[in-house]
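Participant: Chains A and B are the protein sequences, given in the same order. The working numbering applies: residue 107 is where the first sequence begins, and numbers increase by one. The working numbering applies: residue 107 is where the second sequence begins, and numbers increase by one.
Hints are supplied without guarantee of correctness; some may be wrong.
Any copy, or any two copies together, can satisfy a pair, since identical chains are not distinguished.
Once the Cα atoms are required to be at most 30 Å apart in a straight line, the calculated DSS-like pairs of lysine-lysine come out as [to be verified]:
| # | residue 1 | residue 2 |
| --- | --- | --- |
| 1 | Lys205 | Lys108 |
| 2 | Lys158 | Lys141 |
| 3 | Lys108 | Lys158 |
| 4 | Lys194 | Lys205 |
| 5 | Lys141 | Lys194 |
If you are wondering where the hints come from, they were derived from the structure by calculation, not from laboratory data.
Here's the letter readout for the chains.
Protein chains: 2
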Amino acid sequence: MKRYRHPSLRTVTFETAMQALSDPGRVAIVRDLLKAQGQEFACNEFPGTLSKATRSHHFQILREAGFIRTRVEGTKCMTSLRLEEVEKRFPGLLQLVHKL
Amino acid sequence: MKRYRHPSLRTVTFETAMQALSDPGRVAIVRDLLKAQGQEFACNEFPGTLSKATRSHHFQILREAGFIRTRVEGTKCMTSLRLEEVEKRFPGLLQLVHKL
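Please model the complete structure; the sequences and the hints are all you need to start from.
Facilitator: Shown next, in the form of structure tokens:
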């Protein structure tokens, strides 16, 4: 079974977080997860029109920057936002994503 | 005389701002300008150990993202932070730069 690595937010630099949010596709993913208020999404049921390859690439970058968590459930992967951890590490950043 | 273009902050996207802050050298420049509390720096007297070419490159990206203003004074160029405009467009972002 595939396992995903999730860094501790303590080890995520400000610059890494900024890099992760420098792409409109990734910002849209984070915004959709914010709107979902903690709900998990099956990766293949994620809203939007990104191709599977592009979405997977964006998910990987967001995961490595500590923004999202992915867990495997049977044949599905389920993704959610690490809301509280990101808010603690970068206070106010997600509010900017939500507003803009 | 060389003139620099400065975008209206309204036209700067969130992603462009994130891209500008995705490099440690640029974050250091913004942090130094924040510490200077509005003071202008002559470009060639800027703190730090960046080469002139690297510093100019970083200044250009920060200028295009609306973070800094550069004006020519005789043979010098003077750079300052667009503090109030950035704070209005991206509330709390500079505070993150200052803290982290």
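Participant: List in ascending order the numbers of the hints, as given earlier, that are violated by the structure.
Facilitator: 1
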